[in-house]
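Peer 1: Listed below, chain by chain, are the residues.
2 protein chains.
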Amino acid sequence: MILMNINEQLQKAKEASYEAMGYTTKQKNDVLEEIKKSMLSNKEKILSANKKDLENGKKKGLNNALLDRLELNDSRIKGMTTALDEVIRFEDPIGKILEERTLYNGLRLKKISVPIGVIGVLYEARPNVTLDTAALCIKSGNVVLLKGDETAFYSNEAIIGAIKQGIKAAKLNEFLVQGIDARKKDDVLTMIKANNFVDLIIPRGGLNLMKFMRENSQVPFIGAGAGVCHTYVDESANLENAVKIVVNAKTQRPSVCNALETLVVHEKIAEKFLPLLEKELNAKNCEIRADKKAGKYLKKWKLADEKDWETEYLDYIISIKTVSSVEEAVNHIRKYGTMHSEAIISESKKAIDYFFKNVDAAAVYSNASTRFTDGGEFGLGMEVGISTQKIHARGPMGVKELTTYKYTIEGTGQIRG
Amino acid sequence: MILMNINEQLQKAKEASYEAMGYTTKQKNDVLEEIKKSMLSNKEKILSANKKDLENGKKKGLNNALLDRLELNDSRIKGMTTALDEVIRFEDPIGKILEERTLYNGLRLKKISVPIGVIGVLYEARPNVTLDTAALCIKSGNVVLLKGDETAFYSNEAIIGAIKQGIKAAKLNEFLVQGIDARKKDDVLTMIKANNFVDLIIPRGGLNLMKFMRENSQVPFIGAGAGVCHTYVDESANLENAVKIVVNAKTQRPSVCNALETLVVHEKIAEKFLPLLEKELNAKNCEIRADKKAGKYLKKWKLADEKDWETEYLDYIISIKTVSSVEEAVNHIRKYGTMHSEAIISESKKAIDYFFKNVDAAAVYSNASTRFTDGGEFGLGMEVGISTQKIHARGPMGVKELTTYKYTIEGTGQIRG
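As you go down the protein sequences, you meet chains X and D in turn. Counting from 1 along the first sequence, just add 9 to a position and that's the residue number in this note's numbering. Counting from 1 along the second sequence, just add 9 to a position and that's the residue number in this note's numbering.
None of these hints come from the bench; they were simulated from the model. There could be a bad hint or two in this list.
Note that the list lumps identical chains together, so a pair holds whenever it fits in one copy or between two copies.
Unchecked claim - Simulated crosslink set (BS3-like; lysine-lysine; CA at most 27 Å straight-line): (1) Lys-415 to Lys-302; (2) Lys-281 to Lys-359; (3) Lys-21 to Lys-202; (4) Lys-409 to Lys-105; (5) Lys-359 to Lys-69; (6) Lys-302 to Lys-253.
Bound conformation, chain X alone (with noise of 0.2 Å):
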């Protein structure tokens, strides 16, 4: 790996930025192929990177589950490069005419969709992230700058290298992806601060990480996947429904961001529906922190307090939160949902209609899971994250939600009287 300082490596990405932006469809394909037939003969390297990794992580005593999400074998590299052709099959989605008309003066005005040009992307532990970003952003016609989890510093490092090599056999600019050492903080800093060189940040994490980008950015950014995520189970509910889909969403995964963290319950099926509900988190170890009302059809459960509303659990922990009325379940999650995913178990029309128009998030559901939140759910294909801001996008963002548009305006003098 050439060694670089920061400073140079966010130069090469603004200079390898112009380049991408002129790329044709075809190009941005082969590359795509060539980082495939790279990641396949470079599995082995990859792979010892990778336990490198696993074995500092167990060192360093990551829990099992981390070290599941860092862990790469030849399956998990199979289905990296079975990704690589998805995005292959992609449409392209730059030099779309999205508006075409001709003004009053005889001007023809274009409105044209075009890559957004150096993105930043903060993320964490699993290393099949780098190659998903780097292939989405490579279609998109941009540049990227990727900066993994220092847990998977070797597997990503190793990953980039092959990302690298496919580049430099397709002939493009080899700059079009690079690493950002996740060990050198004052990089990250750097890069998040270089407005000149970087035109959008994607910071992936929890709210901790969204604080540091507010506090810190000077780059524009779409915070992703930070999800205090509920979901509301109606006084009409259909029990049944309600016990499979609240299980589903805390606990098929509970380390994602559209899992549930925080069930809100209406005082009038409390009774009914927590015993059921209980039987069934009992069985997947799950442990209950709720407010009083709750805990009196409760068994085994904690006293929640003002902390648990708005923690992220991302683990096998569900709080839970009586309300009298949906206009107090909606209430409840304006104060500590994070506009991500929202659910309403109903059977009234009513009161879906009044979730749906007044919560305030990405994706608001009536009788699912949350855990569908996602690209490929929606039928965007891969994602970059899940963005829980309100600008530019919201919710899952594909290739398409790496891109913005300009004005081409075709004059034979015209100027303004």
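Using the hints provided, position chain D relative to the given structure of chain X.
Peer 2: Coordinates of chain D only, in the frame set by chain X:
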């Protein structure tokens, strides 16, 4: 005016935004009608407040251009209320189903346009912006915090008073529109850091304001109106067109963001073109700051330095840079442009294509004046500003650009496997 502190104002704005997101088209148009009535019935009050600002402005030594921008009179108030009629006629941008599909598992997914929420707008001098911005935010279901210029303090206070009277008459939430006291710098700081209450800031102004926002804002913002705009006169240009366009772009209204600041000229036509241009610029009393090569063909000029290339003069001053190719012109624009509006004057399709493909700006022109970058001219209607950022919206921002979207997902018990 009720005296509230900034924290109360922010709280009230957030609460109002929950109401505003549910307003019907009729409610929004009715309140705009009431505001129009109220503007007319309060005309004398507004004019006498404006007189106070004008007197203070004269005492402070504001120049005539600024005093002219500040001044209101019968016909300008008429113009402002006519603009309200225009906004009433706009299509409602909210509640549009942008996408709709049934997923493989039967989930019914809709992507629906919704308001952004609470928008803070920082702007300067002209008091008509106060009414225009309030109207556009109301039409798009947003709540707005207006921070105008201190020099227009009394005018803005009177206009906001009239707006509030209209809102009351329509029986909507009076905190839909609030003024932020321009005299209290701490209030402005509080607002741009209040990410729990404010969803977007639109700072309208020059490069210094953008720097201030980058360094201080903790709310996502879309910088608007910093315009170091270029026009490149290619070796193949029709010189008659070129003179006409450059003079228009520079002098038709030099104080606005889409006015030309730097002329970039191909060295091969400099000798023929610059004397023709100088004659016309002289007639407008426009000062010329040029590089040495350009100076050879000019009579009255100063030598431009590095600072000239990065300055938004907003005045009768033009800088002139010679280049030896369209590539060099593009490089100059990349280095010094603010991604606002850039033009090429050329009869060569190849040069125009290169320029269009490689210049990264909100609006890229061939053979026309950059002065056309404007919501009205582009057919978007009135604008809240011209974005020079790449995220969310580029160029003129009308009501559509004041919206975001959410996904609603209707299920029948779906869980993720």
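Peer 1: Next step is simple, just say for each hint if it's right about the structure.
Peer 2: Hint check:
In the homo-oligomer, the alpha carbons of Lys-415 and Lys-302 never lie at most 27 Å apart, since the shortest distance is 55 Å inside one protomer and 33 Å across protomers. Taking the shortest Cα distances, Lys-281 and Lys-359 sit within 27 Å of each other inside one copy (22 Å), while across copies they are farther apart (74 Å). Taking the shortest alpha-carbon separations for Lys-21 and Lys-202, only the intra-copy value of 16 Å comes in at or below 27 Å, while the best inter-copy value is 33 Å. Taking the shortest Cα distances, Lys-409 and Lys-105 sit within 27 Å of each other both inside one copy (11 Å) and across copies (19 Å).
In the homo-oligomer, the alpha carbons of Lys-359 and Lys-69 never lie at most 27 Å apart, since the shortest distance is 52 Å inside one protomer and 59 Å across protomers. Within a single copy, Lys-302 and Lys-253 get their C-alpha atoms as close as 22 Å, which meets the 27 Å cut-off; across copies the closest is 77 Å, which misses it.
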